[in-house]
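Engineer: Let the hints inform the model, and build the full structure from the sequences given.
As they're listed, the protein sequences go chains V and E. Add 981 to the 1-based position in the first sequence for the working numbering, that's all there is to it. Add 985 to the 1-based position in the second sequence for the working numbering, that's all there is to it.
Since the hints were made in silico from the structure, they are not lab data. Just so it is clear, the structure is predicted and the values come from calculations on it, not from any experiment. For every residue, glycine included, the Cβ atom is placed at its ideal position computed from N, Cα and C. Any given hint could be a false lead.
To be verified - In silico lysine-lysine, BS3-like type, Cα no more than 30 Å apart, as pairs: (1) V:Lys-1064 <-> E:Lys-1084; (2) E:Lys-1084 <-> V:Lys-990; (3) V:Lys-1038 <-> E:Lys-1037; (4) V:Lys-1064 <-> V:Lys-995; (5) V:Lys-1038 <-> E:Lys-1045; (6) E:Lys-1037 <-> E:Lys-1084; (7) V:Lys-990 <-> V:Lys-1038; (8) V:Lys-1051 <-> V:Lys-1038; (9) E:Lys-1084 <-> E:Lys-1053; (10) V:Lys-1064 <-> V:Lys-990; (11) E:Lys-1084 <-> V:Lys-1051; (12) E:Lys-1041 <-> E:Lys-1084; (13) V:Lys-1052 <-> E:Lys-1041; (14) E:Lys-1062 <-> E:Lys-1084; (15) E:Lys-1062 <-> E:Lys-1041; (16) V:Lys-1038 <-> V:Lys-1052; (17) E:Lys-1037 <-> E:Lys-1053; (18) V:Lys-990 <-> V:Lys-1052; (19) V:Lys-990 <-> E:Lys-1045; (20) V:Lys-1064 <-> V:Lys-1038; (21) V:Lys-1051 <-> V:Lys-990.
Claimed, not checked - Listing some non-contacts, in silico: residues in chain V with all C-beta distances to chain E over 10 Å: (22) Gly-983; (23) Gln-987; (24) Val-1000; (25) Glu-1005; (26) Val-1033; (27) Ser-1048; (28) Pro-1056; (29) Ser-1061; (30) Lys-1064; (31) Asn-1065; (32) Gly-1089.
As the list claims (entries may be wrong) - Label pairs and their in silico Cβ distance ranges: (33) E:Pro-1097 <-> V:Lys-1052: 43 to 49 Å; (34) V:Glu-996 <-> E:Asn-1044: 39 to 45 Å; (35) E:Asn-1007 <-> V:Asn-1034: 37 to 43 Å; (36) E:Gly-1046 <-> V:Ser-1003: 31 to 37 Å.
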Amino acid sequence: DGGITQSPKYLFRKEGQNVTLSCEQNLNHDAMYWYRQDPGQGLRLIYYSQIVNDFQKGDIAEGYSVSREKKESFPLTVTSAQKNPTAFYLCASSADRGLYTEAFFGQGTRLTVV
Amino acid sequence: GDSVTQMEGPVTLSEEAFLTINCTYTATGYPSLFWYVQYPGEGLQLLLKATKADDKGSNKGFEATYRKETTSFHLEKGSVQVSDSAVYFCALKARNTDKLIFGTGTRLQVFP
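Structural biologist: Rendered as structure tokens:
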């Protein structure tokens, strides 16, 4: 089955630790995205990538880092510099950057700082 | 900048009632417009889309028409079911941008 796989589904982090969220897709999509979702808020874009070895900051990139070494993979690291990391994180991909192209989403990772 | 505004929820309906969730947008040029649905604890799924003015997107009984003159893309369904209970997000993708921009989401609760 083609799709986007995020892991883990639940993640607990101690304050001061870095954690990495995994996102893998087998849709052969060029573009990949990371969004953050907080209760009662919409989705806010953290980082996105249109091609391997290239990525751009979204609206709330501070305290996060990404890499895109392979087309299939776009891991997100939540660093200790992120002041309020507890949230639901969603990874998405789209076939290209075209105007009409929709995004496909993974099932999300819920990160809790303890 | 580009933005999407949705009606605040929750929207609470009885089964078989008519549903409208309002969505308006601000964007330069003519964006593509999308509705996504999120069931509890899950990611978002595309529900429908429209790519030009007067287009009507439809899926699973839901419909939305791209209205350029009112910059709106309201979601409608004639008869909701309990299984439609979820959060609905309106989104746009503008020309010359790589980003999907989302509204804040509207929670729909349908009771038997």
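Engineer: Hints first: check each against the structure and report whether it holds.
Structural biologist: Checked hints:
1. V:Lys-1064 <-> E:Lys-1084: holds, 25 Å
2. E:Lys-1084 <-> V:Lys-990: holds, 25 Å
3. V:Lys-1038 <-> E:Lys-1037: holds, 28 Å
4. V:Lys-1064 <-> V:Lys-995: Since the Cα atoms of Lys-1064 of chain V and Lys-995 of chain V sit roughly 12 Å apart, the hinted pair holds (cutoff 30 Å).
5. V:Lys-1038 <-> E:Lys-1045: The given pair, whose Cα atoms are some 35 Å apart, is violated under the 30 Å limit.
6. E:Lys-1037 <-> E:Lys-1084: This hinted pair holds, its Cα atoms lying about 18 Å apart.
7. V:Lys-990 <-> V:Lys-1038: holds, 24 Å
8. V:Lys-1051 <-> V:Lys-1038: Satisfied, since the Cα-Cα distance of roughly 18 Å is no more than 30 Å.
9. E:Lys-1084 <-> E:Lys-1053: Holds. Lys-1084 of chain E to Lys-1053 of chain E sits at ~20 Å (cutoff 30 Å).
10. V:Lys-1064 <-> V:Lys-990: Holds, at roughly 21 Å.
11. E:Lys-1084 <-> V:Lys-1051: Roughly 21 Å separates the two Cα atoms, so the pair holds.
12. E:Lys-1041 <-> E:Lys-1084: holds, 22 Å
13. V:Lys-1052 <-> E:Lys-1041: This hinted pair is violated, its Cα atoms lying about 34 Å apart.
14. E:Lys-1062 <-> E:Lys-1084: Holds, because 28 Å separates the two Cα atoms, which is no more than 30 Å.
15. E:Lys-1062 <-> E:Lys-1041: holds, 13 Å
16. V:Lys-1038 <-> V:Lys-1052: Within the cut-off at roughly 18 Å; holds.
17. E:Lys-1037 <-> E:Lys-1053: holds, 8 Å
18. V:Lys-990 <-> V:Lys-1052: holds, 22 Å
19. V:Lys-990 <-> E:Lys-1045: holds, 28 Å
20. V:Lys-1064 <-> V:Lys-1038: holds, 18 Å
21. V:Lys-1051 <-> V:Lys-990: holds, 22 Å
22. Gly-983: holds, 14 Å
23. Gln-987: Nearest chain E Cβ is 8 Å from Gln-987 of chain V, so the label is violated.
24. Val-1000: With a cut-off of 10 Å, Val-1000 of chain V remains clear of chain E, as the shortest Cβ separation is near 19 Å.
25. Glu-1005: About 14 Å separates Glu-1005 of chain V from the closest Cβ of chain E, which puts it past 10 Å; holds.
26. Val-1033: With a cut-off of 10 Å, Val-1033 of chain V remains clear of chain E, as the shortest Cβ separation is near 15 Å.
27. Ser-1048: holds, 18 Å
28. Pro-1056: holds, 17 Å
29. Ser-1061: It holds; Ser-1061 of chain V is separated from chain E by about 27 Å at its closest Cβ, greater than 10 Å.
30. Lys-1064: holds, 22 Å
31. Asn-1065: The assertion about Asn-1065 of chain V holds, with a minimum of 18 Å to chain E.
32. Gly-1089: Gly-1089 of chain V not clear of chain E: closest Cβ-Cβ about 5 Å, inside 10 Å.
33. E:Pro-1097 <-> V:Lys-1052: 43 to 49 Å: holds, 46 Å
34. V:Glu-996 <-> E:Asn-1044: 39 to 45 Å: holds, 43 Å
35. E:Asn-1007 <-> V:Asn-1034: 37 to 43 Å: holds, 42 Å
36. E:Gly-1046 <-> V:Ser-1003: 31 to 37 Å: holds, 36 Å
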